[in-house]
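Chains as they are written, first to last, in numbering that gives the first Met the number 0: chain A, 0 to 401; chain B, 0 to 401.
Since the hints were made in silico from the structure, they are not lab data.
Nothing here was measured: the structure is a model prediction, and the numbers come from that model.
Mixed in with the good hints there might be a few duds.
For chains that are exact copies, the list does not tell them apart, and a pair is met inside one copy or across any two.
No more than 35 Å apart at the CA atoms, straight line, and that leaves these computed lysine-lysine pairs for DSBU-like [stated by the list, open to error]:
(1) K342 <-> K248
(2) K248 <-> K308
(3) K145 <-> K248
(4) K99 <-> K335
(5) K248 <-> K335
(6) K126 <-> K222
(7) K308 <-> K126
(8) K126 <-> K155
(9) K126 <-> K56
Protein chains: 2
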Amino acid sequence: MKKIDREKRGSSAGPGGLGTVETKSFRLPGPHRLRSGVTLAEVVVAYETYGELSPGKDNAVLVCHALSGDAHAAGFHPGESRPGWWDRMIGPGRAFDTDKYFVISANVLGGCRGSTGPASPDPATGKPYGLSFPLVTIADMVDVQKKLVNFLGVEKLLAVAGGSMGGMQVLKWGVAYPDSVAALIPIATAARHTALQIAFNEVGRQAVMSDPDWRGGDYYGQKAPARGLALARMVGHITYLSERSMERKFGRLRRPKTNGSGFAEEFEVEGYLRFQGDRFVRRFDANSYLYITRAIDNFDIGSGPALVKALSRLSDRRLLVIAFSSDWLYPPVQSKEIARAAKLNRADVTYCEITSDAGHDAFLLEAEEQRRVISRFLEVTRKRTARAGGSSGGEEAEGGKR
Amino acid sequence: MKKIDREKRGSSAGPGGLGTVETKSFRLPGPHRLRSGVTLAEVVVAYETYGELSPGKDNAVLVCHALSGDAHAAGFHPGESRPGWWDRMIGPGRAFDTDKYFVISANVLGGCRGSTGPASPDPATGKPYGLSFPLVTIADMVDVQKKLVNFLGVEKLLAVAGGSMGGMQVLKWGVAYPDSVAALIPIATAARHTALQIAFNEVGRQAVMSDPDWRGGDYYGQKAPARGLALARMVGHITYLSERSMERKFGRLRRPKTNGSGFAEEFEVEGYLRFQGDRFVRRFDANSYLYITRAIDNFDIGSGPALVKALSRLSDRRLLVIAFSSDWLYPPVQSKEIARAAKLNRADVTYCEITSDAGHDAFLLEAEEQRRVISRFLEVTRKRTARAGGSSGGEEAEGGKR
Chain A
0 MKKIDREKRG SSAGPGGLGT VETKSFRLPG PHRLRSGVTL AEVVVAYETY GELSPGKDNA
60 VLVCHALSGD AHAAGFHPGE SRPGWWDRMI GPGRAFDTDK YFVISANVLG GCRGSTGPAS
120 PDPATGKPYG LSFPLVTIAD MVDVQKKLVN FLGVEKLLAV AGGSMGGMQV LKWGVAYPDS
180 VAALIPIATA ARHTALQIAF NEVGRQAVMS DPDWRGGDYY GQKAPARGLA LARMVGHITY
240 LSERSMERKF GRLRRPKTNG SGFAEEFEVE GYLRFQGDRF VRRFDANSYL YITRAIDNFD
300 IGSGPALVKA LSRLSDRRLL VIAFSSDWLY PPVQSKEIAR AAKLNRADVT YCEITSDAGH
360 DAFLLEAEEQ RRVISRFLEV TRKRTARAGG SSGGEEAEGG KR
Chain B
0 MKKIDREKRG SSAGPGGLGT VETKSFRLPG PHRLRSGVTL AEVVVAYETY GELSPGKDNA
60 VLVCHALSGD AHAAGFHPGE SRPGWWDRMI GPGRAFDTDK YFVISANVLG GCRGSTGPAS
120 PDPATGKPYG LSFPLVTIAD MVDVQKKLVN FLGVEKLLAV AGGSMGGMQV LKWGVAYPDS
180 VAALIPIATA ARHTALQIAF NEVGRQAVMS DPDWRGGDYY GQKAPARGLA LARMVGHITY
240 LSERSMERKF GRLRRPKTNG SGFAEEFEVE GYLRFQGDRF VRRFDANSYL YITRAIDNFD
300 IGSGPALVKA LSRLSDRRLL VIAFSSDWLY PPVQSKEIAR AAKLNRADVT YCEITSDAGH
360 DAFLLEAEEQ RRVISRFLEV TRKRTARAGG SSGGEEAEGG KR
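Can you make the complete structure from the sequences, with help from the hints?
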């Protein structure tokens with residue numbers, strides 16, 4: 000039976016993990032212009048790195064986090080018992096092998112875990128932005144990542160990888176900076192949200208905005224809209240599990256109720272969702288939740304012929320598109336559409352559908368299956384990139400297979 | 000393209016409808032004892048009837064409503080432009096043909112549309128029960144329906160039919176009163192909730208209980224927890240549509256935002272969900288929402304061998320089990336399990352899976368397909384019941400096909 004509890008995701012406590020890591024901070028050297036035209040006077044990016052950058056600076060891999068993630072992707076912060084969110088995947092011998100690769104992870108623009116977002120002070124007023132923070136897009140997040148990557152001395156990434164919203168950033172790298180990356184690994188993601196995917200996010204936003212403590216986003220220094228944000232997270236968690244994993248984990252088990260309100264007894268699944276909701280509010284800013292889900296819903300690199308066109312600059316890039324059989328939030332059909340569009344652009348595409356009961360959460364949990372495909376994919380990518388002397392003619396050198 | 004908007008569900012405005020109808024009220028002659036042992040001193044049931052009871056009193060059909068339904072199943076109330084919730088299905092020439100059958104519809108115990116529930120005054124205090132209202136079950140709802148049916152002069156129903164929670168009441172009739180009904184028509188329902196189904200209901204309950212206006216259920220005479228209840232309804236609506244119908248109806252269409260909070264623009268699907276949520280709170284009591292969803296989650300007539308045993312008294316009953324291909328809230332597999340368990344008890348079972356894009360809402364919308372199978376099913380049931388002289392030997396008389 001697979002473990003699907005995020006509580007148990009830490010696998011690096013034992014041998015092979017990264018040990019203690021720290022989050023660093025990078026202040027962009029000047030104002031940052033968003034795609035909307037609005038300029039942010041100050042942008043700070045929280046980031047972590049694992050492993051060493053090679054002398055040729057050709058082994059850097061950027062990993063991009065999902066809605067609720069942050070820069071702390073792997074290893075442990077001092078005094079904490081839970082490792083980073085992708086610790087199963089990053090470390091010596093893992094999918095992103097830190098003995099071979101220099102792994103970069105950054106908190107997204109609009110986030111609340113060290114990067115500039117709605118909770119940050121507006122330099123013009125000294126007070127938190129709140130809803131006066133400009134709308135940001137996935138492209139804006141990627142633009143900021145690009146500046147960070149350059150700051151770290153990397154001109155061309157070996158790969159960009161990420162699941163869920165992280166996968167959208169991966170795709171945006173392919174659209175916006177195809178010459179700055181050799182390979183893309185979009186996982187459990189979509190080229191754009193369907194109405195159903197928007198609907199789930201919207202319920203979460205409404206939950207936050209319906210909380211009287213939200214006060215139009217101007218709650219800093221006061222009580223945060225914890226109830227609304229917890230509710231939003233509960234809705235999210237339903238979509239992260241598969242029906243089967245939820246049934247196996249909880250079924251119709253009951254237990255005495257742990258809080259006072261409502262009826263005396265509850266089902267296990269109710270307690271689980273409440274626990275997840277309550278824990279989330281301790282580490283996440285409600286306005287960031289609004290901005291980031293809005294960025295996700297607005298993300299749209301097209302469908303059908305438009306998607307093929309959007310990916311037209313991927314013709315000599317390598318893509319590993321990963322989906323999970325029981326993921327009903329980002330079902331495999333959406334990953335297949337990405338793979339197909341890239342293929343029509345003569346990219347070197349591998350589509351891999353991993354059989355798993357873990358639902359959308361599988362991208363965080365199915366470490367062994369992902370390790371096998373990703374480690375091999377990165378090895379081949381590096382070999383080809385090296386052979387091609389860093390140019391984009393790798394495929395030609397191998398015999399002009401295009 | 001099928002219409003999936005409940006706004007448009009009214010089809011009886013034209014010829015063939017029932018015209019004006021009225022809700023009546025039945026006060027149970029004495030105290031009513033719940034299955035839990037708790038006694039309610041006073042129980043009132045709101046109900047409507049359509050068509051005429053035959054002299055032989057053998058043409059009565061009870062229809063049972065879902066979570067948000069009420070006694071007003073068909074026809075129009077004076078001055079209202081929307082007909083009852085199953086108007087497409089009830090009327091002259093419709094699935095439940097009022098030229099042939101005497102159709103009974105009642106608001107459930109625990110409801111808020113005329114039947115006794117948490118918003119009703121507690122005779123002991125004169126004040127609304129609120130959370131001091133006892134927990135009720137699907138069985139309790141059915142017990143009250145049985146008393147109403149007897150009051151109306153019906154000893155044996157020709158059929159009991161209903162979708163979603165209505166289908167659970169149908170199944171409970173088969174378990175509790177198999178001798179009082181000739182045929183059962185459970186539609187788009189389940190013998191018990193899975194963890195996923197419980198989870199969706201729990202998010203709705205948490206939305207209500209997180210609203211500060213809920214005040215532990217003691218909000219009568221004050222501001223109702225409208226924001227929480229609207230949120231609960233939004234979550235529900237996501238599960239009532241299919242992914243495909245939602246995509247076809249809304250896709251990624253946008254429009255200017257209709258309320259002030261949050262961002263300026265919104266997707267159509269967001270406006271739709273908010274509209275549904277806001278409308279719902281005008282007609283529904285938040286505590287009833289808690290009690291009824293709890294009754295649904297607690298409903299459990301078993302699975303596997305236990306379900307077969309629970310349905311053991313259906314051996315000479317007719318069952319028409321209906322499911323819809325795109326219903327992901329109550330997927331066809333759950334209906335098949337019901338059909339199989341009844342079949343193993345030698346019931347006369349027809350399983351009908353209707354191909355539809357309308358999701359769970361299909362039970363309200365796919366009137367023509369349902370009319371075909373239900374009208375024929377009822378005709379045959381009545382013929383056999385008549386032949387058997389009202390006894391349960393109808394199948395034997397036809398040649399002992401069992």
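Practice prompt. Return the numbers of the hints above that this structure violates; sort them in rising order.
Written response: 3, 7, 8 and 9
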